[in-house]
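Residue numbers (the numbering used here), protein chains in the order written: chain A, 504 to 784; chain S, -19 to 233.
Calculated directly from the structure, the hints in this document are not laboratory data.
Hints should not be assumed to be uniformly reliable.
Claimed, not checked - Quick list of in silico lysine to any residue cross-link-like pairs, SDA-like style, CA-CA up to 25 Å:
1. 215/S - 509/A
2. 30/S - 521/A
3. 516/A - 181/S
4. 696/A - 567/A
5. -11/S - 536/A
6. 207/S - 90/S
7. 107/S - 531/A
8. 516/A - 35/S
9. 123/S - 552/A
10. 511/A - 123/S
11. 511/A - 68/S
12. 610/A - 172/S
13. -11/S - 207/S
14. 516/A - 33/S
15. 149/S - 533/A
16. 692/A - 1/S
17. 620/A - 134/S
18. 516/A - 172/S
19. 620/A - 206/S
20. 511/A - 23/S
21. 529/A - 108/S
22. 620/A - 533/A
23. 30/S - 779/A
24. 692/A - 587/A
25. -11/S - 174/S
26. 511/A - 34/S
27. 149/S - 617/A
28. 610/A - 215/S
29. 620/A - 135/S
30. 620/A - 131/S
31. 696/A - 24/S
32. 516/A - 24/S
33. 620/A - 215/S
34. 610/A - 33/S
35. 107/S - 536/A
36. 610/A - 691/A
37. 106/S - 514/A
38. 620/A - -11/S
In case you want the letters, here they are:
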Amino acid sequence: MNLSDFAKSNGLKEIGTRPSFLEYLKQVWAGRDFAFTMSLYASESANARTRLGRWWLILTPSLQALAYGLVFGLILGSLRPANFIPFLITGVFLFSFFSGSFSSGAKSITSSSGLLKTVSFPRILLPLSAVLREFINFLPQLALLPIVMLFFGQELTWDWLYLIPITLLMFLFSTGLAMISARLTVQLKDLGKLIPFITRFMFYTSGIFFEVERIFASYPEVLAVALLNPVYGFISLARGALINDLSMNTSLWIVASVWSVGTFLFGVLFFWRAEARYGRD
Amino acid sequence: MEETNSGNKPVVVVDDVHVTYEVYGTGKRARSPGVKLAKQTRMREVRAVKGVSFVVYEGETLGIVGSNGSGKSSLMRAIAGLFPATQGAVFTLGRATMLGVGAALLPNLSGEKNIMLGGLAMGYEKKELAEATPSIVNFSGLKEFIDLPMRTYSQGMSARLRFSIAASKKHDILIIDEALAVGDRQFRLKAEEKIRQMRQEAGAVLLVSHNMKSIQDTCNRVIWLEKGEVVMDGKPKEVCDAFIAFMEKGEDD
């Protein structure tokens, strides 16, 4: 009898192999407390060493909006969208959640080598917890949005509640993207260097400070692609919900939903396929 | 302790395990002119473990000795399922928990929160962990520092805390990889006592150490690993003596 048969006949289980998908999901569920606690603590510790602490969660995107508002508000001149400040702030805030999730998600495996070397748990908890952390950091911004809207003359309507499903879709999409980029970054470290550029490119093409329809009007092909961009979809829907003069486009709901569910499902499968590969360096 | 393994149950079976690392970007030797740029970034394979087989039986405390870079930690990670074997297979009865000299989980957080996180990662239930926390803090002897961020801890202090978290729980298989090396003498003795006690409850304990006294005091069997292969497997005194003789001979060369 060889060793493997000896082990199996004594009821031992082989380890270090990728579990079945169902088994994997069970392990993920069992690790939910760990993922959630880690997100909460990581969010707490991120600004712990600064004087203003958690106020930075609101200050950073607000300052960003201010900077972009000043620069592009002047450059765009007459091309500036109506209700410019609510328009811009909705864009900048939502985009900050997307870009934060993307970059933390991509780093989630490569930056946790200490943890990977010492504790075994389903590795998908790391990108998941990274997005959860970004989401926790996004909550104060989400709470600030309605206040900004009221301050700049928007009226409170039932439509504002649509912000909840929009955020949910965005969370699904960001989680999927985090899982995909986390695996890719492990297998190809160079990708980590590209992520800031991809984010920048997304920022300038997702209509954060301009109206996609107006600026790309003379390039119908570009416009067609731009309208399929999920990030633009989330932001445009949020504006439709919050800004009284704008409405939510049905085709954007479809685009956003398909992207979110598709990216999430693909992300989970894609990440699980390489489970035995993480932490190997 | 005599080795009467025939009647005992196996808890760890290591079957012809190989561990190979792919290392990028370190292929160039320091100060070697004439080497082309392409060579620097080439991938290099490092074979850390080359065909190791052994069986650990219930109730055993197995010591692993070997010089630096002999593949001890790589083998332990393969057994813990953290770094799967490239070739061959590892079988365990239950879950293997690894206790190593890694960094703090989250350096900006207090020791108490690190207990929370480390405990959950180790498979504790939230409620169960909350109940165990006072005794973990107590055992670590770090009561007055427990509110401080872990980045302020010395190596020895964070090793204490990690050991205390791991020691508070019942483990199927416990792997201790040099985790006691940075602790002070008093804590090491306390930890060794705890390991002997845990051995009664755990399926098996695997202990990697450079401290031969510590190995002989706690283990009932020792494996000597060199260049990724098993050199000797037997009683602690015999293996440790052979290993020490080998190391001293190496120093004379």
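Each hint, compared with the structure:
Taking the CA atoms of residue 215/S and residue 509/A, the gap is about 23 Å. The hint holds against a cut of 25 Å. Annotation: proposed proximity of residue 30/S to residue 521/A holds, straight-line Cα distance about 22 Å (limit 25 Å). A hinted pair counts as satisfied when its Cα atoms are at most 25 Å apart, and residue 516/A with residue 181/S qualifies at roughly 20 Å. Note on residue 696/A and residue 567/A: the hinted pairing holds, with a Cα-Cα distance of about 22 Å set against a maximum of 25 Å.
As the CA atoms of residue -11/S and residue 536/A are separated by approximately 34 Å, the hinted pair breaks the 25 Å bound. With a C-alpha separation of about 40 Å, the suggested pair residue 207/S and residue 90/S falls outside the 25 Å cut-off, and the hint is violated. Distance check on the hinted pair: residue 107/S and residue 531/A sit about 19 Å apart at the alpha-carbon level, within 25 Å; holds. For the proposed pair residue 516/A and residue 35/S, the alpha carbon gap of about 14 Å is at most 25 Å, so the pair holds.
Restraint check for residue 123/S and residue 552/A: satisfied, since their Cα atoms lie roughly 23 Å apart, inside the 25 Å limit. At roughly 45 Å between alpha-carbon atoms, residue 511/A and residue 123/S are farther apart than 25 Å, so this suggested pair is violated. Of the pairs offered as hints, the one joining residue 511/A and residue 68/S holds, with about 14 Å between alpha carbons and a cut-off of 25 Å not exceeded. Restraint check for residue 610/A and residue 172/S: the C-alpha separation of about 38 Å exceeds 25 Å, so the hint is violated.
Of the supplied pair hints, the one linking residue -11/S and residue 207/S is violated, its CA atoms being roughly 30 Å apart against a limit of 25 Å. Our distance criterion of 25 Å between C-alpha atoms is met by residue 516/A and residue 33/S, whose separation comes to about 16 Å. Restraint check: the Cα-Cα separation between residue 149/S and residue 533/A comes to about 17 Å, which is no more than 25 Å; the hinted pair holds. The hinted pair formed by residue 692/A and residue 1/S meets the criterion: a straight-line CA distance of about 16 Å does not exceed 25 Å.
Proximity of residue 620/A to residue 134/S is assessed by CA-CA distance (about 20 Å); at most 25 Å being required, the pair is judged to hold. With a C-alpha separation of about 29 Å, the suggested pairing of residue 516/A with residue 172/S is violated against the 25 Å cut-off. Only pairs whose Cα atoms come within 25 Å are accepted, and residue 620/A paired with residue 206/S is accepted, the gap being roughly 22 Å. Taken as a hint, the residue 511/A and residue 23/S pair is broken in the structure, with Cα atoms around 36 Å apart against an allowance of 25 Å.
Of the pairs offered as hints, the one joining residue 529/A and residue 108/S holds, with about 20 Å between alpha carbons and a cut-off of 25 Å not exceeded. Our distance criterion of 25 Å between C-alpha atoms is met by residue 620/A and residue 533/A, whose separation comes to about 20 Å. The hinted pair formed by residue 30/S and residue 779/A meets the criterion: a straight-line CA distance of about 19 Å does not exceed 25 Å. Between residue 692/A and residue 587/A the CA atoms are separated by roughly 39 Å; this puts the pair beyond 25 Å, and the hint is violated.
Taking the CA atoms of residue -11/S and residue 174/S, the gap is near 23 Å; set against the 25 Å cutoff, the hint holds. With a C-alpha separation of about 15 Å, the suggested pairing of residue 511/A with residue 34/S holds against the 25 Å cut-off. Distance restraint check for residue 149/S and residue 617/A: the Cα-Cα separation of roughly 21 Å lies within the 25 Å cut-off, and the hinted pair is therefore satisfied. The suggested pairing of residue 610/A with residue 215/S is violated, with an alpha-carbon distance near 46 Å, which exceeds 25 Å.
Under the criterion of a C-alpha separation no larger than 25 Å, the hint pairing residue 620/A with residue 135/S is consistent with the structure, at around 17 Å. Proximity of residue 620/A to residue 131/S is assessed by CA-CA distance (about 19 Å); at most 25 Å being required, the pair is judged to hold. This hinted pair checks out: residue 696/A and residue 24/S have alpha carbons roughly 22 Å apart, not beyond 25 Å. Annotation: proposed proximity of residue 516/A to residue 24/S is violated, straight-line Cα distance about 32 Å (limit 25 Å).
With a CA separation close to 30 Å, the supplied pair residue 620/A and residue 215/S exceeds the 25 Å bound. With a CA separation close to 36 Å, the supplied pair residue 610/A and residue 33/S exceeds the 25 Å bound. Under the criterion of a C-alpha separation no larger than 25 Å, the hint pairing residue 107/S with residue 536/A is consistent with the structure, at around 11 Å. This hinted pair checks out: residue 610/A and residue 691/A have alpha carbons roughly 12 Å apart, not beyond 25 Å.
Between residue 106/S and residue 514/A the alpha-carbon distance is near 30 Å, which puts this suggested pair outside the 25 Å criterion. Simply put, residue 620/A and residue -11/S have alpha-carbon atoms about 28 Å apart, too far for the 25 Å limit, and the pair is violated.
Checked against the numbered hints above, the structure breaks hints 5, 6, 10, 12, 13, 18, 20, 24, 28, 32, 33, 34, 37, 38 and satisfies the rest.
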